[in-house]
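Starting from the known structure of chain V, fit chains B and Z onto it as the hints suggest.
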Amino acid sequence: MTNPTFPRGMTRRSLLKGTMAITAAGLILPAHMAPAQAEPKKGGVFRVGIGHGSTTDGYDPGLWDQLFVQTFAAARHNYLIEIAADGNLVPEIAESWDSADGATWVFRIRQGVTFHSGKTLTPDDVVASLNHHRGEASTSAVKPYFDPVTDIKVDGQNVVVTLNAPNADFPYLMSDYHLPVMPGTDGKIDPTSTDGCGGYVVESYEPGVQATLNRNPNYWKAGRAHFDQIVLLTILDPAARLNALMTSEVDTIDQVDPASISLLESRGVAKILSISGNAHYCFPMDARAAPFTDNNVRLALKYAFDRQELVDKILAGHGSVANDNPIGPANRYFFAGMEAKAYDPDKAKFHLKEAGMDKLEVALSAANAAFSGAVDAAVLMSEKAAAANITITVDRVPDDGYWDNVWMKKPFCASYWGGRPVEDQMFTTAYQSGAAWNESFWSNEAFDKLLVAARSELDDAKRREMYQEMQRLVSFDGATIIPMYNNYVMALANTVATPEKVSNNWNLDGFRCVERWWFA
Amino acid sequence: MTVLVSVIVGLGLSFVIGLAARAALRAAAPARHRPMFRDMPLTASFGLAVILAYVVVAVLAPVIAPFGEGEVLGDQYLPWAAPHYLGTDKLGRDMLTRLIYGARNTVGIAFATTALAFVAGAVLGIWAALAGGWMDQGLSRLVDALMAIPALIFSLLLLTIFGTSVLTLILVIAAVDATRVYRLARSVAQGIVVMDYIEAARLRGEGNWHLIRREILPNAMAPLAAEFGLRFCFVFLSISALSFLGLGIKPPTADWGSMVRENATLITFGDITPLLPAGAIALLTVAVNFVVDWQLQRASGLKE
Amino acid sequence: MTGIWRMIGQRLLLGVLTLFIISLVIFGATELLPGDLARELLGQSATEETLAALREQLGLNEPAPVRYWNWLTGVLQGDFGVSMATQRPISELVGARLGNTLFLALYAAALSVPLSLLLGVLAALWRNSVFDRASNALALTVISFPEFFVAYILILWLAQTGLFPSMVRITGATTTGDLLYSAFLPALTLTLVVTAHMMRMTRAAIINLMASPYIEMARLKGMSPMRVVLRHAVPNALAPIINVVALNLAYLITGVVVVEVVFVYPGLGQLMIDAVTNRDIPVVQAIALIFASAYVLLNLLADVLSTVTNPRLMHRT
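Chains as they are written, first to last, in our numbering: chain V, 1 to 520; chain B, 521 to 824; chain Z, 825 to 1141.
Next comes chain V alone, as it looks inside the complex (with noise of 0.2 Å):
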C-alpha cells in the first residue's frame, strides 16, 4: 500500500532524523508548487474572517483552545519543527533534530534569527519556551506531553531533551501550536508578551474583535510571508461571515455553512477550499454505564444509522464516511481497508439479540458547542434507528456549559476531534485506559499493550501493522461511534492565491494562511 504523506522506505535513521537535506524542497522553494503557476507576489492586506475569538481570550500559550489565537500565534511566531503542507516535518527554529535511540532528543537551534524586539534568538529562549508548558505549577493543556520529559537543557548550539521511554513521534509534539518559541529572561518566559520571530509584527490586538499585524522586515525565512498586513477578524455569526466576504469585508472565511457551500460557488464571487483531514465528528458513549457495557450493543448501534446520510446532509457532501476510526486517512497509518459499516438494521437487531434484547431505548445528549449540526445529526441517527428496534431520545442542551456538564458526563453525548498529526497522539489522548480526556471511559488491555510497544517501535512495518490492529480494536470493540470526517471548509476571494497543496493539519492551512497565501 502507497502512503501519501510519508515517503515509502523510510529507514530506521530517517524516521529518528529530521534535515534540511529531506525538506529543504518543502521549505524554500515548494516542490510541490507546479513550475507553471506564478511566483508568489508579495504586498496587499489580508483580512481573514475567523469564526472564533472571544473577550476573554488571552496571550498565555499554555491556554490557547482556538483558530483565532491560533492563527494569531501563527503570524507572529515561530516553532521548533513546522508541519508542511504535505504533513512531512520540516524545520523552523530547529534547524536539525536526531536522536540516537529514540528517548534521547537532541534539537539545533537556528543562528541569525531576531525577535520583533530586537533580541537574537538562543538555545535557552527554546527552553525557557518549553518549560512554561513543564511541572507541577504549568497550567498548559499539553503538559501531559512533558510527563515523560525528564530533562531538557542547552549544550552549545543545540537543546537536548531527555525523555523516561523512547517515542519516535516525539517531533510531532513539538510542532504542536501551544509552543512558540519566546523570548526569555531568567529561564522564564513572559506569558503576556506578543514578542515572537515570526513574519509579522503586532500591532494591535483587541481580544474577541481583531488583530492587525504588520510584515516583520526582518524575517529569517525567503519565499514566506508575502503580505504587507495581516488583519484577523472574530466574526461570530456564519451568515456575517459570509456576507463579510460577499461585500470585499474580508478576504477569507473558515468554517462555511455547509448548507450555503453550493449557494456561494454558483454566486462566482468567491472560491470554496475543502481540505479534506483528520478532523471528525463523534457519539463518545459511556463503556461502564448501562447498556453500553455490552459490545453488541455498542455494535448495534453502529450499524443502526446512515453514516453516508450525515455526510451528505451535515457536512453537504464535504466529508468523508468515517468508520468509527480517529485515524484518518491523512494519517500515516491509516487503515483503509477496514471492513465498513453500512447501514443495515438487521445486523443491528443480530446484535441486539446476541445481547439479550429485541428493543433498546437511549437518550443522546447533543447541543451545536459539540460540532455545527451536533443536534440534526443526532435527530437524523435517531430517525434512521427506529427500523432497528432503538429508540433514540435527542436531549437537547445548552451550549453555554457543555464541555463541562454534558462532555464525559451524560452517557451518550456528541463530541469533535480536531484530529492530530500522529496515531499515538491521538490514542493517547482518547482512547488509552484511564486517560484524562478518554471520553468513552474505554478500556481495552489489548490496545493499551499495543499502544506502549508501538512508541518504541522503530520498524515502519510492524509499527503499520500495530496501528492498523488498534484502529481495528476502536473500531470493532470501542466505546465511540465516529460516522463522518468533516472537511475544512474556507471560502475565499478569487484574488487570494494558494499553493496548489493546503494542509491538511488544522483549518487555514495549518493556520499558516498568512505565511504561505499571496494575493495573485
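Each hint should be verified, as a subset may be incorrect.
Unchecked claim - Each computed DSS-like pair below joins lysine-lysine, with the alpha-carbon atoms no more than 30 Å apart: (1) 610/B x 271/V; (2) 410/V x 770/B; (3) 353/V x 341/V; (4) 409/V x 353/V.
In short, the hints are calculated from the structure, not lab data.
Quick look at chains B and Z alone, frame taken from chain V:
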C-alpha cells in the same frame, strides 16, 4: 418585480378573505351578537379568519399534515413540487408538515406563556399602584432589578440552571415578560387610581380586589390589550433568540422560531425558504393585532 | 416642586439598593451555573491537574462569600478589578465598548423615537384610514421578524448592493462621520425593531382618550382634529408613552447582543455573553451594574416625567 407582484396578489387575497369572513360571520353569529359584526372593519374580519384558520390547523395538525412531524423523507432542500409542496428542509423533512405542526407547538406555547405573564404582571402591577407606599416600592424595585438584567442573558441563566423542558421554557419566558407587563400595568393604573371615581369607590368601602376587577381593569384594558397583542408575538421571537444560543424547544418538535433560525443563512442568497416560518409568524402577528385594534376601537366607544 | 426633588432623592437611594440586589442576584446565578472560569479557559483540554493549578492561580479556591466581599469592597473604593480571564483592568475592557454601545443606542433612538411618535400620532389622528392600516400592518410585520432576520434582509438589500458596509470596524482612525455611515445598518435594524412597539403604544394611548368627555367637549367646540389630538389628547397620554419609550431606550442599551453579533459591532452585549460563558464573574458584574444603572436612571426619568405631566399624581408623592 416579483416582490411587487406578490405584494399586490397578497393584498388582493387578504381583501377577499376579509370580505368572505365578514359575510360568513354575519350569517353565522347568533342574532344578539350580529350588530357587533355589522360594523366590523375588513382588517378585523381578515384577522379573525386567519386566527381561526391557525387554530383549526393547530388542532387538526395530525390529520392535515401529509407526513409525520419528524419523518425524514428524502434529500435536503428539494424544490417545491408534489408530494412536497413546499419542498424539504435541510434534513429532508417535509416543509409543509413542519409548518403545520409548528402552528400547534408554537401557538400553544406562545398563548400559555403570554396568558401567564399577563395574569401575574397585570394583577401585581395594578395592585402595586393601588396599594402604593411600601408594597409598591418593594415590588417595583424587585421588578426593576429583574428587568435591568438583559432578557436574553437572564433567560440563559435561568434555563441553564433549571433545564430546558417546555414547562421551564414557558415559565422562564413568562417570568421575564411579566416584569414588562407589571411596569406597564402599574403606570396605567397609577393614572386611574387618582381618578375621582376610584376615590368614590374607596369611600363606599370597596375592597382592593373589587376595585381592581370592577373599576381599574376595565379602564386599563385598552393599553393592556395592545400590549397583549405584541407580547404574544414576542414569545416567538424569544424562542427564536434562545435557539440562537442553543436553547429553545427540543428536536424533533417543530417550532417556527427555531425554523427561522435554522434556515436564516439562506436569506443571504435571496432564498425564500426562511421566509415561510417567518411569514407564518408575521401573518399571525398582524391578524392578532388587527383584532385587538378592533376591540380597542369598540372599547373606546369611538364611532368613526 | 419639592415633592419631585424628594422623589428623585428617594429613588436614587433606592436605585443604589437595586444595584446591590442585582449584584447579589448575578453573583448567585453565575455561582449556580455549572463550571467555573478555570474549566472554561482550559475547555476540552482540561485535566484535574491543570484545573487545580489554574484555580489556585486565579484565586477560585476561596469560598464564594469571601470572593463576593472582596469584589464588593473593591467596587466601593471605585476599583472594578481586573478580568480574571485576561488580567486586563475591567475599566479599560469595558470603557471603549460602553462608548460604542451608547453611540449605537443614541443613533437608533435618534431615528426611532421621532419616527414612532410621528407615526403613532398620525395613525391616531387618521385612525382606520388606509395610512393607519398600512403603517400598522407594516410595523407589525417588521416586529414579528427576529432581529437577526431583519438584519440579514437589510444586508441583502443595502449591503450586497454596495450602499452600506455589512459590518462595522472601529479602529483608532475611525471618525464620527465614518461611524455614522458604517453603523447605519445596525442602527436601522434596531430602529425597525423598536419602532412598532412605541408607535402602537402611542396610537393606543391617544385613542384611549379620544372618547373622554373633555375631548368630546373640545371637538364640539369646533376644534380641528389635529389640534384636539396635539393639545388635549397627547399631553394626557404621555405617561404610558414615556414609559414605553424608556423601556425601549433601555432595550437599545442592554439588549442588542444579536445585532452586535450580526454586524460584528464591539459593544457590551457580546462582552457580557463572553464573560458569562467563561464565568468571568467580575466582568459580568461590572456590565450588569452598568446595564442596571442605565435601567434605573431611565425608569426614574420616565417616572419623573410621568408625574410632572400628570399633576394629579403629584399630590400622592
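Hints and how they fare:
Taken as a hint, the residue 610/B and residue 271/V pair is honoured in the structure, with Cα atoms around 23 Å apart against an allowance of 30 Å. In summary, the hint linking residue 410/V to residue 770/B is supported, as the alpha carbons are separated by about 17 Å, within the 30 Å threshold. Between residue 353/V and residue 341/V, the direct Cα distance comes to roughly 18 Å. Compliance with the 30 Å bound is thereby established for this hinted pair. Between the alpha carbons of residue 409/V and residue 353/V the distance comes to roughly 28 Å, so the proposed pair stays at or under 30 Å and holds.
Going down the numbered hints, you'll see the structure goes against none, and every one checks out.
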